[in-house]
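**Q** Please model the entire structure based on the sequences and the hints provided.
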Amino acid sequence: MNGRWLLSIALAAVAMAMISSSLEAHHGTSTFDMSRTTTIKGIVVDYQLINPHTELTIKVEQDDGAAVEWNVESVSATMLLRVGWKRDTVKAGDTVSVTGHPAKGGKPAMLLVKAVLPDGRELSTAYE
Amino acid sequence: MTKRLTLLAAAMILFSLILAPANTARRPPKSASAPQAAKFPDLSGVWYMHGKFGVNRDLSPGGDLPFTPWGLERMKENQRELNPDLRCLPPGVPRMWTLPFPFEIIQLPGRVLIHYEQDSIVRDIRLDGRAHSAELPLYTGDSTGKYEGDTLVVDTTEFNDKTWLDSAGHPHSDQLHLIERISRPSHDVLHVEIAIDDPKTYSKPWKAERVFDLKADWEISEIVCEENNTYLNAPDAPADK
Numbered sequence: 001m002n003g004r005w006l007l008s009i010a011l012a013a014v015a016m017a018m019i020s021s022s023l024e025a026h027h028g029t030s031t032f033d034m035s036r037t038t039t040i041k042g043i044v045v046d047y048q049l050i051n052p053h054t055e056l057t058i059k060v061e062q063d064d065g066a067a068v069e070w071n072v073e074s075v076s077a078t079m080l081l082r083v084g085w086k087r088d089t090v091k092a093g094d095t096v097s098v099t100g101h102p103a104k105g106g107k108p109a110m111l112l113v114k115a116v117l118p119d120g121r122e123l124s125t126a127y128e
Numbered sequence: 001m002t003k004r005l006t007l008l009a010a011a012m013i014l015f016s017l018i019l020a021p022a023n024t025a026r027r028p029p030k031s032a033s034a035p036q037a038a039k040f041p042d043l044s045g046v047w048y049m050h051g052k053f054g055v056n057r058d059l060s061p062g063g064d065l066p067f068t069p070w071g072l073e074r075m076k077e078n079q080r081e082l083n084p085d086l087r088c089l090p091p092g093v094p095r096m097w098t099l100p101f102p103f104e105i106i107q108l109p110g111r112v113l114i115h116y117e118q119d120s121i122v123r124d125i126r127l128d129g130r131a132h133s134a135e136l137p138l139y140t141g142d143s144t145g146k147y148e149g150d151t152l153v154v155d156t157t158e159f160n161d162k163t164w165l166d167s168a169g170h171p172h173s174d175q176l177h178l179i180e181r182i183s184r185p186s187h188d189v190l191h192v193e194i195a196i197d198d199p200k201t202y203s204k205p206w207k208a209e210r211v212f213d214l215k216a217d218w219e220i221s222e223i224v225c226e227e228n229n230t231y232l233n234a235p236d237a238p239a240d241k
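Protein chains in written order, with my numbering: chain B, 1 to 128; chain F, 1 to 241.
Do not rely on the hints blindly, as some may be mistaken.
Away from chain B, derived, C-beta distances all over 12 Å, residues of chain F [unchecked claim]:
#1 K52
#2 P137
#3 I179
#4 S183
#5 H187
#6 V189
#7 H191
#8 L214
In silico DSSO-like links for lysine-lysine, alpha-carbon gap of 27 Å or less [what the hints assert, rightly or not]:
#9 K215/F to K114/B
#10 K86/B to K76/F
#11 K104/B to K76/F
#12 K52/F to K86/B
#13 K52/F to K114/B
#14 K52/F to K104/B
Residues of chain B placed beyond 10 Å of chain F at every Cβ, according to the derived structure [to be verified]:
#15 T37
#16 R87
#17 V113
#18 P118
#19 E122
Calculated from the structure, these hints are not laboratory results.
This one's a predicted model, so the numbers in the text were calculated from it and none came from an experiment.
Here a beta-carbon is modelled for each residue, glycine too, at the ideal position from N, C-alpha and C.
**A** Next up, the structure:
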């Protein structure tokens, strides 16, 4: 009986652990640390409002003067259009401030949470 | 030239006559669909998940499911493997209910169509009384339905085992028997009860439910998965994706 209980508890623990890790298992979000947010400010290099993942490339000048290109990934164009994003929301050369969940492992990439546009407007992602 | 056109027209008429019986055979019997056309609850509209995606993605009630040994092994495999929709494979059902994309319910006499924005998938639920049938197992299964009072009850079988039950990676087998009860408790709210019976994967049936909000000013758009999918051609993509 004790053995069965222990086995049940062990199986339940394994299942819970797997389910917790599986919470990360969706389109790309496992690449990012969803428990953290970071903000970068820089110049837009490229912006593609596209499905299934919108992409924004931003050149950020670091303290040492070197420039690093950040890839900002977001959700589908269809959903971003519903919360106010347009094809011309930003263009190459614009200065923007972007907040997002940073990539795991230190890569210069993030999953968009919100962006502050050159005119001061703030646009968020469509869902989290 | 005129003679050739006449011959072509004659050939087309001949072919249509030959094919006519086959098409007629596939058509639902009129008498079977007639009762459903009389009165049914209005479930039509564009709907979107209520609450955050992070809350809706996992169908398991409390995270504890009665896995069979096969199901538990499959769950482990799913954690190691790529999310199937990263390969642009159809998410299937019931996973569609856990995705952060809208869908439209279109009710017709004898049929209900659910048009999902994700991958532009259309689910065709027939209400004409015909039994389940599919030559091959399907990603979204073969769905029949009937109205019970204010509820549309959808019965789906004939699944393949290539999809996940939800966005948390819960597995299912080709023995999955899915029953969804779709109702509209108020004008702006859609309720879906999802009953999962899959004896190969779970030792007993279990249920989940989801709520959706009416999006009266939304229209279903198009998402082409292959257009900008970083992971589509990435055989060495990390296993935690």
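**Q** If you draw a straight line from the CA of K52/F to the CA of K86/B, is it 27 Å or shorter?
**A** Holds - the C-alpha atoms of K86/B and K52/F are around 23 Å apart, at most 27 Å.
**Q** For P118/B, which was marked as not at the interface, is the minimum beta-carbon distance to chain F over 10 Å?
**A** Holds, because the least Cβ-Cβ distance between P118/B and chain F comes to about 24 Å, which exceeds 10 Å.
**Q** Would the pair K52/F and K114/B pass a check requiring their Cα atoms to be no farther apart than 27 Å?
**A** holds (16 Å)
**Q** Beyond 12 Å from every chain B Cβ: check whether that's true for H191/F.
**A** Non-interface label on H191/F holds, nearest chain B Cβ at 20 Å vs cutoff 12 Å.
**Q** Are all beta-carbon distances from T37/B to chain F longer than 10 Å?
**A** T37/B clear of chain F: closest Cβ-Cβ about 15 Å, beyond 10 Å.
**Q** Can the restraint linking K104/B and K76/F be considered satisfied, given a maximum Cα separation of 27 Å?
**A** Holds, at about 22 Å.
**Q** For E122/B, is the shortest beta carbon distance to chain F beyond 10 Å?
**A** Non-interface label stands for E122/B: nearest chain F Cβ at 19 Å, farther than 10 Å.
**Q** Taking the minimum C-beta separation from V113/B to chain F, is that value above 10 Å?
**A** holds (13 Å)
**Q** Does K104/B sit within 27 Å of K52/F, going by the straight-line distance between their CA atoms?
**A** holds (23 Å)
**Q** Verify the proposed pairing of K86/B with K76/F, using a straight-line Cα cut of 27 Å.
**A** Not OK: K86/B and K76/F at ~41 Å, beyond 27 Å, violated.
**Q** Determine whether the non-interface label on R87/B survives the test: each CB of chain F must be over 10 Å from its CB.
**A** holds (14 Å)
**Q** Confirm or reject: V189/F is not an interface residue toward chain B, with every Cβ-Cβ distance exceeding 12 Å.
**A** Check passes; 19 Å lies beyond 12 Å.
Hints 1 and 10 from the list above are not met by this structure, while the remaining hints are.
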